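A.B. asks: Residues per chain are reported as follows:
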Amino acid sequence: EPEVTQTPSHQVTQMGQEVILRCVPISNHLYFYWYRQILGQKVEFLVSFYNNEISEKSEIFDDQFSVERPDGSNFTLKIRSTKLEDSAMYFCASMQYANTGELFFGEGSRLTVL
Amino acid sequence: AQSVSQHNHHVILSEAASLELGCNYSYGGTVNLFWYVQYPGQHLQLLLKYFSGDPLVKGIKGFEAEFIKSKFSFNLRKPSVQWSDTAEYFCAVLSNFGNEKLTFGTGTRLTIIP
Numbered sequence: 017e018p019e020v021t022q023t024p025s026h027q028v029t030q031m032g033q034e035v036i037l038r039c040v041p042i043s044n045h046l047y048f049y050w051y052r053q054i055l056g057q058k059v060e061f062l063v064s065f066y067n068n069e070i071s072e073k074s075e076i077f078d079d080q081f082s083v084e085r086p087d088g089s090n091f092t093l094k095i096r097s098t099k100l101e102d103s104a105m106y107f108c109a110s111m112q113y114a115n116t117g118e119l120f121f122g123e124g125s126r127l128t129v130l
Numbered sequence: 179a180q181s182v183s184q185h186n187h188h189v190i191l192s193e194a195a196s197l198e199l200g201c202n203y204s205y206g207g208t209v210n211l212f213w214y215v216q217y218p219g220q221h222l223q224l225l226l227k228y229f230s231g232d233p234l235v236k237g238i239k240g241f242e243a244e245f246i247k248s249k250f251s252f253n254l255r256k257p258s259v260q261w262s263d264t265a266e267y268f269c270a271v272l273s274n275f276g277n278e279k280l281t282f283g284t285g286t287r288l289t290i291i292p
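As they're listed, the protein sequences go chains A and B.
The numbering of the first sequence is my numbering, which starts it at 17 and goes up by one.
The numbering of the second sequence is my numbering, which starts it at 179 and goes up by one.
Treat the hints loosely; a few may be bogus.
[What the hints assert, rightly or not] Below, in silico cross-link-like pairs of lysine-lysine (BS3-like), each with a Cα-Cα straight-line distance of 30 Å or less:
| hint | chain 1 | residue 1 | chain 2 | residue 2 |
| --- | --- | --- | --- | --- |
| 1 | A | Lys73 | B | Lys227 |
| 2 | A | Lys58 | B | Lys247 |
| 3 | A | Lys58 | B | Lys239 |
| 4 | A | Lys73 | B | Lys247 |
These are computed hints drawn from the structure, not numbers from a lab.
Keep in mind that this is a model prediction, so the values were computed, not measured.
Generate coordinates for the entire structure from the input sequences, incorporating the hints supplied.
C.D. replies: Shown next as structure tokens:
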């Protein structure tokens, strides 16, 4: 069964460092998302991406965040200068068509900022 | 803006007990509703979804949910839980069909005691 894969599974970084989280969505999917979950809190929407551009982003997704789909397969989330409060589990998701509403999630990348 | 409330943060049940997890949403328009499950150490998986039609929807592993429009609710039920149902359960709503953005509730941690 096709699945969304994410790397790394866990990354520890120093505050102020840049981090890139990578995702390989399911190959025939058209919509891509990043969500995050701070420990003990709810899953929060960060950004959605369609047709090679951001379609919506949340207030959390400030100038420190960016997304790219550089080669038609990978979908990356970059945090330019990490803060302590960026520590969370980051989930990538993809969806095939707009009218399914069904997101397929990766297993997540745990980011720990020290 | 749409929001989702899950009032049960942690539910503990014995095996074979019946389960009902509450979910309420706030959005006046047409909604699509979902329950996702996250088993320990695994990614979010779709349990069931409601788009239209019969308000009682059945999902995987014996779960079902009922959409009650007048109460803005979409409660999850299972007549007899198993130890393997131990997981985190998230209700989610999709209300803006243009952006396809899922909004999640805070989640309910379900612990089943053998």
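A.B. asks: Give a verdict on every hint.
C.D. replies: Comparing the hints with the structure gives:
| no. | hint | verdict |
| --- | --- | --- |
| 1 | A:Lys73 / B:Lys227 | holds (24 Å) |
| 2 | A:Lys58 / B:Lys247 | holds (24 Å) |
| 3 | A:Lys58 / B:Lys239 | holds (24 Å) |
| 4 | A:Lys73 / B:Lys247 | holds (29 Å) |
Hint check: no violations occur; every hint is consistent with the structure.
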